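Asker: Sequence:
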Amino acid sequence: MFETSRKYRYFGRVLLFGIIFLLVACGSANQPDQSSPQTTQGPLPDTLPTPQTLETGKSGIRGVVHNTDGAIPPGTVVYFTEVTRHPEGWAIYVLDTASTHYVPVDESGFFEGTNLESGEYVLIIGIDPENAKAILREDGQARVYEVLPDQMLDIGTENMTITYFPFTPEPLQAYPAPDSGEAYP
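Counting in the working numbering, the final residue of the sequence shown is number 195, and the numbers go up one at a time with none missing.
No false leads were mixed into what you were given.
Below, simulated EDC-like cross-link-like pairs (lysine to aspartate or glutamate); rule was C-alpha separation at most 20 Å, straight line: (1) K143 x D106; (2) K143 x D79; (3) K143 x E130; (4) K68 x D164; (5) K68 x E127; (6) K143 x D116; (7) K143 x E117; (8) K143 x E168; (9) K143 x E92; (10) K68 x E92; (11) K68 x D160; (12) K143 x E156; (13) K68 x E130.
Calculated from the structure, these hints are not laboratory results. From a predicted model like this one, the values you see are computed outputs, not experimental measurements.
Generate coordinates for the entire structure from the input sequences, incorporating the hints supplied.
Answerer: Next comes the structure, spelled out in structure tokens:
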């Protein structure tokens, strides 16, 4: 009996160690990529800055975005959503914030996404994913950008509406003062 309980204790310790090891391994695998590229900060020069170095076989997209009023809302982000094509010709893209590559836009509207896989991308721009909008063609369809290996694609300048708030506040209502001369609390 004593020998059996020792075996169970040993088995329990090995099992506990295995569970802890798996939790630590899975937790570190889910950490965000700390090598995410950053955009160049500062005023936009007459020409765009030299692109960041691309890894061999990787691609990049850069450009400038402006809100229709000329301002760049703080916190604006460019999401690079991959396009998947079906053999019948139709395509789909999905903004999945868990796996979509994104970069912040600097105060002059410049962005640069590097080390993307070669392929087709739709650029979605906004302050938060729920209110972000794709760059559109003249016909209202999402504009698809194709990048090849070892290529930095410069899309130029895009003007679009960047939503500042997810809602439109109602105007304040003015109420007349009471006739009794009493003030509202």
